[in-house]
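**Student:** Residue-level listing of the chains:
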Amino acid sequence: MEQLVLRARAAFQTGRSRPLSFRLQQLRALQRMVQECQKEILGALAQDLHKSEFNAFSQEVVSILGELDHVLEKLPEWVAPEPAKKNLLTMMDEAYVHSEPLGVILIIGAWNYPFVLNIQPLIGAIAAGNAVIVKPSELSEKTATLLAKILPQYLDKELYQVINGGVKETTELLKQRFDHILYTGSTGVGKIVMEAAAKHLTPVTLELGGKSPCYIDKDCNLDIACRRVTWGKYMNCGQICIAPDYILCEPSLQSQIVERIKETVREFYGEEIKKSPDYERIINLHHFKRVTSLLEGQKIAFGGETDEATRYIAPTVLTDVNPNSKVMQEEIFGPVLPIVPVKNADEAIQFINQREKPLALYVFSNNNKLIKRMIEETSSGGVTGNDVIMHFTLSSLPFGGVGNSGMGAYHGKHSFDTFSHRRSCLIKKLKMEGANKLRYPPNSQSKVDWASFFLLKRFNKVRIGLFFLAFLGILVAITVKFQYC
Amino acid sequence: MSKISETVQRARAAFNSGKTRPLKFRIQQLENLQRMMKEREEEITEALYADLHKSKWCALYEECTYAFEEVKYALANLPQWILDEPVEKNDNTKDGQAYIHSEPLGVVLIIGSWDYPFILSIQPLVGAIAAGNVVVLKPSELSEQTAILLATLLPQYLDKDLFPVINGGVPETTELLKEKFDHILFTGSTGVGKIIMTAAAKHLTPVTLELGGKSPCYIDKDCDLDIACRRITWGKFMNCGQICLAPDYILCDPALQGQVVEKIKKTLKEFYGDDAKSSHDYGRMVNSRHFKRVMSLIEGQKVAYGGNGDEASRYIAPTILTDVDPRSQVMQEEIFGPVLPIICVKSLDEAIQFINERPKPLALYVFSNNDQVIKKMIAETSSGGVTANDVIAHADVHTLPFGGIGDSGMGSYHGKKSFEIFSHRRSCLIKPLKKEDSDKVRFPPFSAKASLK
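These protein sequences, in sequence, are chains E and C. For the first sequence, the numbering used here assigns the number 1 to the initial residue and increments by one for each residue that follows. For the second sequence, the numbering used here assigns the number 1 to the initial residue and increments by one for each residue that follows.
A couple of the hints might just be wrong.
[Stated by the list, open to error] Short derived list, chain E residues pointing at chain C, Cβ under 7 Å:
1) 218
2) 221
3) 366
4) 424
5) 426
It is worth saying that the hints were derived from the structure and are not from the lab. None of the values given here were measured: they were computed from a predicted structure. Glycine is no exception: its CB is placed at the ideal position from the N, C-alpha and C atoms.
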């Protein structure tokens, strides 16, 4: 393990991952990989998660191709130094923020979207000029194996490595020193990753989870709301970090919501859901048993059928759920949708705030004011109003959690920023030393007064004429010279 | 429950009341802070003198004025910073609103340092208040008078429950770190930085760590040595070398060494007189332990100037060491004292190699008339920040985020960056609740749609 990481570090130190042309070339190679190996990628996803080709393509491959297009287009802009606004004291200087690679990045992927969750961060890390170690989740075995096979076929073998393995290998990997770790997974393991990172002072981006609440207001188009909720809840068999975990609504709405979701499920997956090519399966037996156990003692409005042999759990809705029951104590990550009745929006807000900050918050309402209020009075990683999941798809929005749902964010330019060191640079000239006289000892009261004047002014080229400034500068230099001659 | 635990719980309850969120409240608190700095200037500068033998000028110029400026900057810009930031939409989201909404994180812990005890507590505090948080401030116990003063003054100007000051040493800090915070900003050593991050990991608390290191200072052959040496002397010996951004050591061509020594010597005499001990502007080591530590770094070295100290007053003379061996003790740790080693390197490439063999420093300094030299230095090394042809100055520009990298830290702050790190930048996408064409494409069943591929 140490050897592999050292190899990546040595490769980084050669400097070859830095030039823009190299980064673009690697990203284009990645693009080619996705296009040429598409069949294999879709096949692996199908095997790991019972994902149909269409789903795999539209949920994973398309996102990656979109991200690559976006980054390839914008990267030349992103690598350019960013000028900073200056003040009077630094008006003759160059002040800018210079983005540079961090070094060796570790990306630990999750199993639910095993392609996107490894490749999207990888794109950002390459774009920022780093070397990268990718550690896919062992639970999505076929995808992990595939990534280890195809990545070296298209990308620089030493700079970008895939390391596979389980808990043992990951623990070993975490002992090594990295310059940034991006981890996608559970809150519990997130703490372990951060603790390991602390030993080397490695900054981390943790994309964790939680119970993302979904509030459905009385004043809302229930048809559309329920269709969207159904789509987001049961995609990937509920195994998505930003799934609407549970619904909060007034008791009077509950049965209507149940009916509409039931209808929509039939529309999406047909009468025999098990036979639908678009409905996935639970990743493994452990999670199958876990999710199934959440149904115990609950009022099942519809669904509830399970089949251990195929790890199938039917799209399920629970009603009048008790907030103290097990299904409300952990992130469900399965096709089980509890409805918790609340009296009104106030109670919903209180309910949400009594719990850990979730990764996403969903609100359905025609009343924009209510949506704004919900946002204002709660916290969450991100928000989609009147839909679910969608804020994830807009790469200009940084994607990440807060509190137990995570720290840091990425996607699009935010990935580039996360995987770069934004280094502040001030380039002065070895001239105009007169202006510095103010700061040098020996000191006196008049100096204090002059300093206050200079420091408390803000300089904006547009606002003040250069003539005035030059005059001021000369005036100060002369005055100071007279004082200290 | 301990007093510390109670204080933090009270702070959290106060945050949950929502009091710190309205813009008006934040502005009022910041204005109070400003008033405090104006009205109590005398006491503040006195405390700094008591702790670090900081002259009134130094205290004002290096701490108070910057703190005041930070508040002013925040007050002027806060109404803008809190606004939702619209972002570019794509085809799927064109009918909605997409923006980043900045919101407070909750309870922020700021652990200050002793070298610039006033500004290193106040500057982060400004950002945390501006972002709408509740703040627990833990000043360094080593700068005792300032710590006591902050505990006295802050409650007189700011809301007591929302912005408590907790004083104490290692046991109190350890206890404090067991509590849950929503962000911790720590200024101090690399070693303690690791302890902070480990404690933070238990609660998944994000951290900003402003640490240290050995900030190299490269002096090129093509450069105005007079000006370069004056600037270096100023930055190295201010606060008796106890500044995280001090140029720790010099790298230069052997041919330059003699001249560099002479010019720094000349400047030192100009700044502090022939005997720095009697200069009102020359600081003292903060305590006996650091005095002994720095004095020990001089042992066995070739002293070109200074080298003497007085334990009773914790005075160490401005000292220059020449032909320093990179393996000696003085080159193994951040000096944080008025001792300036000069290491000879044959070329710019060798200087770059030397720097890269060591942990990433907080700052990098390069003096040259040649822009290419400067650009090459920056391109081929890494450091928290850079000032070329001067020292320290990049930390004074509010629009440049200030922070370290690798062992010198993580995250950054100052100005708007402070507001950002103490906020949660929450991505929001608000769509209209009406039927969309894209719905047909994304909803199952897909067998018919598969052909659309």
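**Student:** Hint by hint, say whether it matches the structure.
**Tutor:** Evaluated hints:
A hinted interface residue such as residue 218 of chain E counts as satisfied when its beta carbon comes closer than 7 Å to some beta carbon of chain C; here the least separation is about 13 Å, so the hint is violated. Checking residue 221 of chain E against chain C by beta carbon gives a least distance of about 5 Å; that is within 7 Å, so the hint holds. With its C-beta approaching chain C no nearer than about 6 Å, residue 366 of chain E sits inside the 7 Å limit, and its interface hint holds. The criterion of a C-beta within 7 Å of any C-beta in chain C is met by residue 424 of chain E, whose closest approach is roughly 4 Å, and the hint holds.
Contact between residue 426 of chain E and chain C, as hinted, is supported at the beta carbon level, the nearest pair being about 4 Å apart and thus within 7 Å.
The structure shown violates just one earlier hint, number 1.
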